[in-house]
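Participant: All chains should be built: construct the whole structure from the sequences, respecting the hints.
Residue numbers (the numbering used here), protein chains in the order written: chain A, 124 to 524; chain B, 124 to 524.
One or more hints might be untrue.
The list treats identical chains as one, so a pair stands whether inside a single copy or across any two.
What the hints assert, rightly or not - SDA-like, lysine to any residue: derived pairs with alpha carbons at most 20 Å apart:
hint: 1; residue 1: K243; residue 2: M283
hint: 2; residue 1: K126; residue 2: G318
hint: 3; residue 1: K243; residue 2: R130
hint: 4; residue 1: K126; residue 2: P382
hint: 5; residue 1: K243; residue 2: D134
hint: 6; residue 1: K126; residue 2: G357
hint: 7; residue 1: K126; residue 2: M294
hint: 8; residue 1: K126; residue 2: T293
hint: 9; residue 1: K243; residue 2: E292
hint: 10; residue 1: K126; residue 2: I385
hint: 11; residue 1: K126; residue 2: S353
hint: 12; residue 1: K478; residue 2: A155
hint: 13; residue 1: K478; residue 2: D153
hint: 14; residue 1: K478; residue 2: S445
hint: 15; residue 1: K243; residue 2: D127
hint: 16; residue 1: K126; residue 2: E292
hint: 17; residue 1: K243; residue 2: E264
hint: 18; residue 1: K478; residue 2: E493
hint: 19; residue 1: K243; residue 2: L128
hint: 20; residue 1: K478; residue 2: E505
hint: 21; residue 1: K478; residue 2: P165
No lab work stands behind these hints, which were simulated from the structure alone.
Protein chains: 2
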Amino acid sequence: MAKDLERLLSDRARLRGTGGVVGGLSRRHDEAIPLHYGYPYPDSYPLEDLSRAAAQSILEDGPEAINYGGAELAEVFEGLVLDRLAVRGIACDSDRVLITSGSSQAINLVCSVFVDIGDKVLVEAPSYMGGLNSFRNFGAEMIPVEGDALGIRTEELGAMLADWRARGETMPKILYSITNFNNPSGCTTCAPRRGELLELAREYGFLILEDDAYGELRFEGEDIPCLGASDEDGSVIHVGSMSKILAPGVRLGWAVATPEIIRRLNVHKADGGTSPLARTVVGGYLQETDLDARLETLREGYRVRRDAALEALEAYMPDGCSWTRPEGGYFVWLTVPAGLDSDDMLEEMAEEGVKPLSGRQFYCDGRGAENFRISYSYPDPEDIRRGIEIMARVIRRRLEG
Amino acid sequence: MAKDLERLLSDRARLRGTGGVVGGLSRRHDEAIPLHYGYPYPDSYPLEDLSRAAAQSILEDGPEAINYGGAELAEVFEGLVLDRLAVRGIACDSDRVLITSGSSQAINLVCSVFVDIGDKVLVEAPSYMGGLNSFRNFGAEMIPVEGDALGIRTEELGAMLADWRARGETMPKILYSITNFNNPSGCTTCAPRRGELLELAREYGFLILEDDAYGELRFEGEDIPCLGASDEDGSVIHVGSMSKILAPGVRLGWAVATPEIIRRLNVHKADGGTSPLARTVVGGYLQETDLDARLETLREGYRVRRDAALEALEAYMPDGCSWTRPEGGYFVWLTVPAGLDSDDMLEEMAEEGVKPLSGRQFYCDGRGAENFRISYSYPDPEDIRRGIEIMARVIRRRLEG
Numbered sequence: 124m125a126k127d128l129e130r131l132l133s134d135r136a137r138l139r140g141t142g143g144v145v146g147g148l149s150r151r152h153d154e155a156i157p158l159h160y161g162y163p164y165p166d167s168y169p170l171e172d173l174s175r176a177a178a179q180s181i182l183e184d185g186p187e188a189i190n191y192g193g194a195e196l197a198e199v200f201e202g203l204v205l206d207r208l209a210v211r212g213i214a215c216d217s218d219r220v221l222i223t224s225g226s227s228q229a230i231n232l233v234c235s236v237f238v239d240i241g242d243k244v245l246v247e248a249p250s251y252m253g254g255l256n257s258f259r260n261f262g263a264e265m266i267p268v269e270g271d272a273l274g275i276r277t278e279e280l281g282a283m284l285a286d287w288r289a290r291g292e293t294m295p296k297i298l299y300s301i302t303n304f305n306n307p308s309g310c311t312t313c314a315p316r317r318g319e320l321l322e323l324a325r326e327y328g329f330l331i332l333e334d335d336a337y338g339e340l341r342f343e344g345e346d347i348p349c350l351g352a353s354d355e356d357g358s359v360i361h362v363g364s365m366s367k368i369l370a371p372g373v374r375l376g377w378a379v380a381t382p383e384i385i386r387r388l389n390v391h392k393a394d395g396g397t398s399p400l401a402r403t404v405v406g407g408y409l410q411e412t413d414l415d416a417r418l419e420t421l422r423e424g425y426r427v428r429r430d431a432a433l434e435a436l437e438a439y440m441p442d443g444c445s446w447t448r449p450e451g452g453y454f455v456w457l458t459v460p461a462g463l464d465s466d467d468m469l470e471e472m473a474e475e476g477v478k479p480l481s482g483r484q485f486y487c488d489g490r491g492a493e494n495f496r497i498s499y500s501y502p503d504p505e506d507i508r509r510g511i512e513i514m515a516r517v518i519r520r521r522l523e524g
Numbered sequence: 124m125a126k127d128l129e130r131l132l133s134d135r136a137r138l139r140g141t142g143g144v145v146g147g148l149s150r151r152h153d154e155a156i157p158l159h160y161g162y163p164y165p166d167s168y169p170l171e172d173l174s175r176a177a178a179q180s181i182l183e184d185g186p187e188a189i190n191y192g193g194a195e196l197a198e199v200f201e202g203l204v205l206d207r208l209a210v211r212g213i214a215c216d217s218d219r220v221l222i223t224s225g226s227s228q229a230i231n232l233v234c235s236v237f238v239d240i241g242d243k244v245l246v247e248a249p250s251y252m253g254g255l256n257s258f259r260n261f262g263a264e265m266i267p268v269e270g271d272a273l274g275i276r277t278e279e280l281g282a283m284l285a286d287w288r289a290r291g292e293t294m295p296k297i298l299y300s301i302t303n304f305n306n307p308s309g310c311t312t313c314a315p316r317r318g319e320l321l322e323l324a325r326e327y328g329f330l331i332l333e334d335d336a337y338g339e340l341r342f343e344g345e346d347i348p349c350l351g352a353s354d355e356d357g358s359v360i361h362v363g364s365m366s367k368i369l370a371p372g373v374r375l376g377w378a379v380a381t382p383e384i385i386r387r388l389n390v391h392k393a394d395g396g397t398s399p400l401a402r403t404v405v406g407g408y409l410q411e412t413d414l415d416a417r418l419e420t421l422r423e424g425y426r427v428r429r430d431a432a433l434e435a436l437e438a439y440m441p442d443g444c445s446w447t448r449p450e451g452g453y454f455v456w457l458t459v460p461a462g463l464d465s466d467d468m469l470e471e472m473a474e475e476g477v478k479p480l481s482g483r484q485f486y487c488d489g490r491g492a493e494n495f496r497i498s499y500s501y502p503d504p505e506d507i508r509r510g511i512e513i514m515a516r517v518i519r520r521r522l523e524g
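Facilitator: Structure, rendered in structure tokens:
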């Protein structure tokens with residue numbers, strides 16, 4: 124007799140089902156220009172330096188390097204993360220930081236510690252599908268908060284919260300936002316709205332999960348202090364990662380929060396510790412690397428690509444299309460005229476040689492049919508131009524058809 | 124105003140608290156002989172081979188090696204895991220296997236997918252504290268099933284299950300067992316009991332989580348097919364790991380189950396994929412390594428250490444003490460005369476130069492005061508002898524005092 128899995132499943136797993144898994148897929152390339160990859164461009168991976176660092180670090184650190192806790196270079200890595208957080212305006216001790224397997228694990232741990240089935244979680248709309256999937260995994264009731272060119276709309280959020288309170292409704296536990304160069308919109312929450320967000324979190328007692336994956340990659344304009352740097356009452360759980368400034372495949376990220384929250388995240392981590400091998404190799408690599416110089420190079424690499432994307436959008440997109448203008452990060456968010464369906468165009472685009480992502484997976488409520496996420500992070504500028512030209516051709520054809 | 128964390132916590136986090144975290148600790152050595160480390164002995168780490176493999180693999184596999192999915196060597200690693208599972212009698216395709224960050228993550232994922240607060244989980248008693256903590260994290264009601272020299276006591280288990288059914292009680296969802304060389308007892312479940320376990324799982328519709336961390340490390344007697352190899356109706360989730368046969372710090376393990384269960388575990392994994400860096404480095408290493416020869420060397424290394432432990436126990440322990448006689452793995456389980464308290468002796472033992480673990484953390488119900496886990500895996504044989512001599516001296520003093 125086959126197992127009665129329905130009886131055995133947890134409520135969250137039964138509710139979740141098995142759709143929409145993101146991450147961990149093999150990188151099958153085909154001929155289409157990849158505007159769907161949210162990864163660093165291949166030339167940016169410091170393969171030789173990492174290779175040398177890996178060889179040296181394992182030998183230098185000895186057996187404990189590949190034991191549970193790691194040895195000296197694993198600690199060096201943690202120290203360098205603290206240094207980097209200080210540069211971002213977050214001065215903190217190690218009891219406020221947890222090293223995780225990418226920021227994905229950090230987001231998942233926040234769900235473990237805070238989210239029960241049916242709990243209200245506010246999510247910037249649109250927002251990163253990996254984040255949304257984590258909330259889905261824990262059965263959260265996700266409520267979208269609109270974003271625009273100036274970031275998450277705090278005025279609307281404030282009105283909604285006041286209304287909920289007035290009506291005695293259950294208040295939200297968490298707000299999830301990518302404050303810098305949002306995935307997928309590329310937009311950044313401006314300074315006044317950041318202040319208002321923190322004020323609302325204080326007033327209504329929720330936590331802000333600030334996903335700062337792209338914060339170091341501003342190539343235009345002035346940095347705005349992240350929420351984690353301005354937090355005064357423990358409202359913010361700030362997560363970051365090596366994925367976009369070094370390589371996703373090292374799977375190293377971090378969460379910054381109050382010591383009590385960090386302790387609780389650590390209890391639920393229960394994974395035997397974040398890869399000592401990765402911490403050792405990356406610790407050794409960073410020790411020998413001028414990270415500031417590397418970041419300058421990356422910013423220039425992404426600026427050139429962003430420019431190629433914006434120029435191509437301007438040159439090729441038909442009337443009625445609009446797009447965002449990111450000052451950093453990886454993504455432009457394209458809106459096509461009402462009535463078109465981005466999902467519906469993906470196959471034709473792929474056949475003609477380009478793969479963007481459709482907008483739907485970035486909303487918790489089924490919207491996004493009029494949107495594409497264009498990642499300019501991975502291809503070279505000429506491919507970005509060609510890819511967007513092809514997208515424009517397909518969109519134009521649909522408009523004319 | 125400080126956050127009202129109590130309101131924000133998930134039920135499971137509130138229930139769990141912050142006690143008893145295991146794993147990820149730095150390896151602070153002192154002078155005491157470490158009989159508490161459940162790690163491979165330092166000489167066994169193939170540092171030079173791993174170092175060389177790391178350097179070559181990263182260069183050879185190119186940028187995709189350190190991107191989200193990994194490249195060829197990451198797939199090579201997965202293929203070699205399948206080959207190894209076939210050696211263990213588990214012939215399966217890749218849709219039945221999930222690569223995880225150590226078996227710890229695999230155990231945690233099983234909880235995610237199957238365990239709600241209050242669900243009944245059967246745990247071999249005594250059992251691995253990391254496993255117990257994962258069940259605790261999800262609020263399981265753990266029910267001990269006694270183990271003895273022949274492994275988990277299936278007759279008692281069968282009677283308990285029949286009684287529950289007769290009384291209309293909620294039935295358990297999962298049974299957790301380390302079938303080979305149990306951590307901490309060192310005992311192995313014999314073949315007849317394995318058959319009975321599978322029969323009970325079929326009859327009562329629960330899953331068996333078989334933790335096979337030590338299965339490859341039999342240095343005496345005949346291998347007994349693991350439950351994963353004998354499973355005919357999808358009752359078994361088998362988990363394994365590179366931790367004990369290569370190094371814990373690579374954080375690579377796996378779960379084997381039905382394709383449906385694997386899909387569900389993968390949905391709740393949500394960590395961006397298991398470290399491509401680690402899979403690449405270990406894939407490259409294994410490709411150049413005669414793993415069978417390595418395992419022979421390890422088995423001999425552990426046999427010599429086990430012998431040293433048993434000889435010292437025989438030579439030094441006072442009357443009234445008894446201990447297990449493992450045929451593989453890492454651990455001997457010592458029982459001291461009733462009335463003594465192992466927790467209470469740890470400090471004195473450390474002062475005199477030895478650190479075992481007390482038995483309490485291996486039970487879900489507070490027992491274990493009369494037990495020590497002695498790991499012979501890490502120190503050299505002479506230190507094992509000296510360490511056990513010191514333990515015996517302290518125990519004798521307590522008995523005489």
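Participant: If the cut is 20 Å between Cα atoms, do K243 and L128 qualify within a copy, between copies, both or neither?
Facilitator: between (28 Å within a copy, 15 Å between copies)
Participant: What label fits K126 with S353 when the C-alpha limit is 20 Å: within, between, both, or neither?
Facilitator: Between copies only: 16 Å across, 52 Å inside.
Participant: Is the C-alpha distance from K126 to T293 at most 20 Å within one copy, between copies, in both cases, or in neither?
Facilitator: The answer is between: 16 Å across copies meets 20 Å, while 38 Å in one copy does not.
Participant: With identical chains treated as interchangeable, where does the CA-CA distance between K243 and D127 reach 20 Å or less: within a copy, between copies, both, or neither?
Facilitator: between (31 Å within a copy, 16 Å between copies)
Participant: As a check of your reading, is K478 near D153 (CA-CA no more than 20 Å) within one copy, between copies, both or neither?
Facilitator: Only inside one copy: K478 and D153 sit 10 Å apart there, 57 Å across copies, limit 20 Å.
Participant: Evaluate K126 and P382 at a C-alpha cut-off of 20 Å and name the case that applies: within, between, both or neither.
Facilitator: between (43 Å within a copy, 13 Å between copies)
Participant: Could you place K126 and M294 in one of the four classes (within, between, both, neither) given a Cα distance threshold of 20 Å?
Facilitator: between (39 Å within a copy, 14 Å between copies)
Participant: Within a copy, between copies, both or neither: where do K243 and M283 come within 20 Å Cα-Cα?
Facilitator: Within one copy only: 13 Å inside, 41 Å across.
Participant: For K126 and I385, with the copy left unspecified, which applies at a CA distance of at most 20 Å: within, between, both, or neither?
Facilitator: Classified as between: cross-chain Cα gap 14 Å, same-chain 38 Å, threshold 20 Å.
Participant: Between copies, within a copy, both or neither: which fits K243 and D134 at Cα up to 20 Å?
Facilitator: For K243 and D134, the Cα distance is within 20 Å both inside one copy (17 Å) and across copies (14 Å).
Participant: How do K478 and P165 come out at 20 Å by Cα distance, when the copy is not named: within, between, both, or neither?
Facilitator: within (17 Å within a copy, 49 Å between copies)
Participant: Could you figure out if K478 and E493 sit no more than 20 Å apart (CA to CA) within one copy, between two copies, both or neither?
Facilitator: within (16 Å within a copy, 64 Å between copies)
Violated hints: none; the structure is consistent with every hint.
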